[in-house]
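S.K.: One line per chain: the protein sequences are A and B, in this order. Residue numbering for the first sequence follows this note's numbering, starting at 1 and increasing by one per position. Residue numbering for the second sequence follows this note's numbering, starting at 385 and increasing by one per position.
Some hints here could point you the wrong way.
Claimed, not checked - Some chain B residues judged to face chain A by a derived CB distance under 8 Å, without partners named:
no. : residue
1   : 540
2   : 555
3   : 581
4   : 588
Unchecked claim - The calculated label-pair distances, taken between Cβ atoms and stated as ranges, are:
no. : chain 1 : residue 1 : chain 2 : residue 2 : range
5   : B       : 519       : A       : 26        : 46 to 56 Å
6   : B       : 565       : A       : 348       : 43 to 53 Å
7   : A       : 279       : B       : 723       : 28 to 38 Å
8   : A       : 195       : B       : 620       : 41 to 51 Å
9   : B       : 705       : A       : 54        : 31 to 41 Å
10  : B       : 723       : A       : 213       : 55 to 65 Å
11  : A       : 276       : B       : 733       : 30 to 40 Å
12  : B       : 676       : A       : 348       : 23 to 33 Å
13  : A       : 16        : B       : 468       : 45 to 55 Å
Hints were generated in silico from the structure; no laboratory data involved. Predicted model, so just to flag it, every value in this text is computed and none were measured. Backbone N, C-alpha and C fix where the C-beta goes; we use that ideal spot for every residue, glycine too.
Given next are the chains, with one letter for each unit.
Number of protein chains: 2
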Amino acid sequence: MAIKYIHIDYKKELEKAAKQMIFIHHSDTLVKLILRTIVRTLNLEHASLILYDEARDIYVAHTSSGKTGFKIPKGLTKISKDNPVIRYFMSIDPKNSSQGWILFSAIQFSTNPLHKEMRNQFFLYNAKACIPGFFRDKVIFALFLGGKFDGEDFLPEELNFLSVLSSDTVMAIQNAWFFQDLTEQLHKNKRLFLQTVLALSSAIEAKDHYTQGHTERVIQYSLVIALELKVMGKIPRDEKNLFENLRISSLLHDIGKIGIPERILNKNGVLDNDEKKEMNKHPLIGANILKGIDEFQEPILGVKYHHERHDGLGYPEGLKEEQIPLIAQIIAVADAFDAMTTDRSYRKGLTRETAIRIIEDERNKQFNPVIADAFLNACKKGKV
Amino acid sequence: MAIKYIHIDYKKELEKAAKQMIFIHHSDTLVKLILRTIVRTLNLEHASLILYDEARDIYVAHTSSGKTGFKIPKGLTKISKDNPVIRYFMSIDPKNSSQGWILFSAIQFSTNPLHKEMRNQFFLYNAKACIPGFFRDKVIFALFLGGKFDGEDFLPEELNFLSVLSSDTVMAIQNAWFFQDLTEQLHKNKRLFLQTVLALSSAIEAKDHYTQGHTERVIQYSLVIALELKVMGKIPRDEKNLFENLRISSLLHDIGKIGIPERILNKNGVLDNDEKKEMNKHPLIGANILKGIDEFQEPILGVKYHHERHDGLGYPEGLKEEQIPLIAQIIAVADAFDAMTTDRSYRKGLTRETAIRIIEDERNKQFNPVIADAFLNACKKGKV
Chain A
1 MAIKYIHIDY KKELEKAAKQ MIFIHHSDTL VKLILRTIVR TLNLEHASLI LYDEARDIYV
61 AHTSSGKTGF KIPKGLTKIS KDNPVIRYFM SIDPKNSSQG WILFSAIQFS TNPLHKEMRN
121 QFFLYNAKAC IPGFFRDKVI FALFLGGKFD GEDFLPEELN FLSVLSSDTV MAIQNAWFFQ
181 DLTEQLHKNK RLFLQTVLAL SSAIEAKDHY TQGHTERVIQ YSLVIALELK VMGKIPRDEK
241 NLFENLRISS LLHDIGKIGI PERILNKNGV LDNDEKKEMN KHPLIGANIL KGIDEFQEPI
301 LGVKYHHERH DGLGYPEGLK EEQIPLIAQI IAVADAFDAM TTDRSYRKGL TRETAIRIIE
361 DERNKQFNPV IADAFLNACK KGKV
Chain B
385 MAIKYIHIDY KKELEKAAKQ MIFIHHSDTL VKLILRTIVR TLNLEHASLI LYDEARDIYV
445 AHTSSGKTGF KIPKGLTKIS KDNPVIRYFM SIDPKNSSQG WILFSAIQFS TNPLHKEMRN
505 QFFLYNAKAC IPGFFRDKVI FALFLGGKFD GEDFLPEELN FLSVLSSDTV MAIQNAWFFQ
565 DLTEQLHKNK RLFLQTVLAL SSAIEAKDHY TQGHTERVIQ YSLVIALELK VMGKIPRDEK
625 NLFENLRISS LLHDIGKIGI PERILNKNGV LDNDEKKEMN KHPLIGANIL KGIDEFQEPI
685 LGVKYHHERH DGLGYPEGLK EEQIPLIAQI IAVADAFDAM TTDRSYRKGL TRETAIRIIE
745 DERNKQFNPV IADAFLNACK KGKV
């Protein structure tokens, strides 16, 4: 009677676990959860699962050690598709996979050559039974069950139940793989986007000989300032996606220089008034280039207003104090620091220390004092 | 006895359907499948499901008409969160959701005001029973079941079973929503990428006054040629992702012009030999700008070689015939056609007909004959 009670219990618990599985979008985590749940609910010494890895076309072993501390020997975690257990499962009809499980006791004394080979696998995983996971006609995994702590044999009923569970597990793993693929594609695309725009802005910088690497440094300084603002608790609640917007905005902040004539961009000396007027159009040109892109409404603010000044003496609109969007206030400090510390054709760059002192002096004049403080804090911490 | 047999059957079939659900990554399709399966296996007159729509914070009705042709009246498919049935389900404990179903017969003569309101909903959906779908404490859907064809009442056992199935359905719907979110993000990012690079290349074109819109047209012509090649069965099997690569490559084909001095780019007349030599560096400059981007190894070939000629007289390397990558052969025709038909400062553009004749004449000379033919076919079909 006690045994029957335990059975109902493990079924319920395993079924419950199976239902949670589809929300785990990482296959390794999923396998860990499954193994741990099986070991715990069936009170096993340990269990191992060898999982197909499509990219490498091999199987990879995962183990839950239970209370025995059983571990798969190092160097044996990568398993060829020619593994005899996999070969055996490939030879059976997946539609009858519920009868596909293998009991060690059934092959223990067999003289069949494949059975002999399989026996070695059972020794390796110290297993009493093995259950396949099929997706269509592919063996997605093989689950090796260690012995029970109470020394009892596996009942066919238990193995049948685990076989049904195994098809749920296959579904969950497939689902996780789909997610991993999509997420990876998403990351790849984001990286591609940043790399491409960076390559293009570097090409623009290449025309403006003395600013090479400027964009990359301004991105870095801007993010450091934002991080410091966060630590200081100075990012307003309604600033959503500040980091993402800042990354894009600082990446594109000088893109408008593409519209500035080369004779001005490359002038070997200080610009005269007319030239300066022309040069100062670059924030508006940049904003104009990007204006058609819906998702860039926030980043455009940084492009357009990164030459505004806290005291209202900047350009293009002479905005002051809180009229200047946060993103632009940040880029303004990052941009100024890099401009000051970089050599130009007609002057050498300032030292880090001098530039820091100027930013300190310009609190409340050129720069918003909170942003300047965030930058100065970051400097003190050696982050700039 | 016959009834019992049917029961086992519907359970198995519904459970099978539930297992397939997690591979359906579109929630509307999923709902359609569920409704159809329930109507068919339980032999219902019809069934409706009102599904939560997070973006709009309302519920939306879906119907499977079964054999009765029942339809929810138009204009009633959007349902407020204040719907009395939803309100009722919100008031019960989701942990006991298996007892959450409502039988019409149980509220038919009730004088409870909420029951009265609920009754109207049952009339509207012509329903005999309603089953909730909970996710945590949220009502994800309400499933309205029409009558059975045999006129029998729903058994508590059936409703309990459908309640369990409903929690599987909730999981599957949540899973589909995750996928829809990810996929949408992916599409958004791709669009963003193309828009941004197009904005930047337009900015480069803005310097080269006479080529405005050139990039967009070359993308379009290139894709038309590739589509025609596909129809002709002339895309080699090992050309994977041709369309994706071609889109990016044609988008970036002139990006190297960013490195050409403005006096050459904007010269008001034919270039002299030295200037031409300088201008002809743009494919290499472009390839160089992009060379650090791993994913662009294929698109770079189009950027680098789109001025090669089939007869080997092109630049930068004088490649000929099959030495020229397919992607570059395609862009070469698209680019030449657009260059010929566009006005320049020192000459008017040729007519469409003259340009087509030139491309015909240049088969086997400037252009690969297969690509030229694909282009000419597309012209005949009015696609260019």
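S.K.: Under the constraints set out in the numbered hints, which ones does this structure not fulfil?
M.R.: Violated hints (numbers, rising): 1, 5, 8, 10 and 13; every other hint is consistent with the structure.
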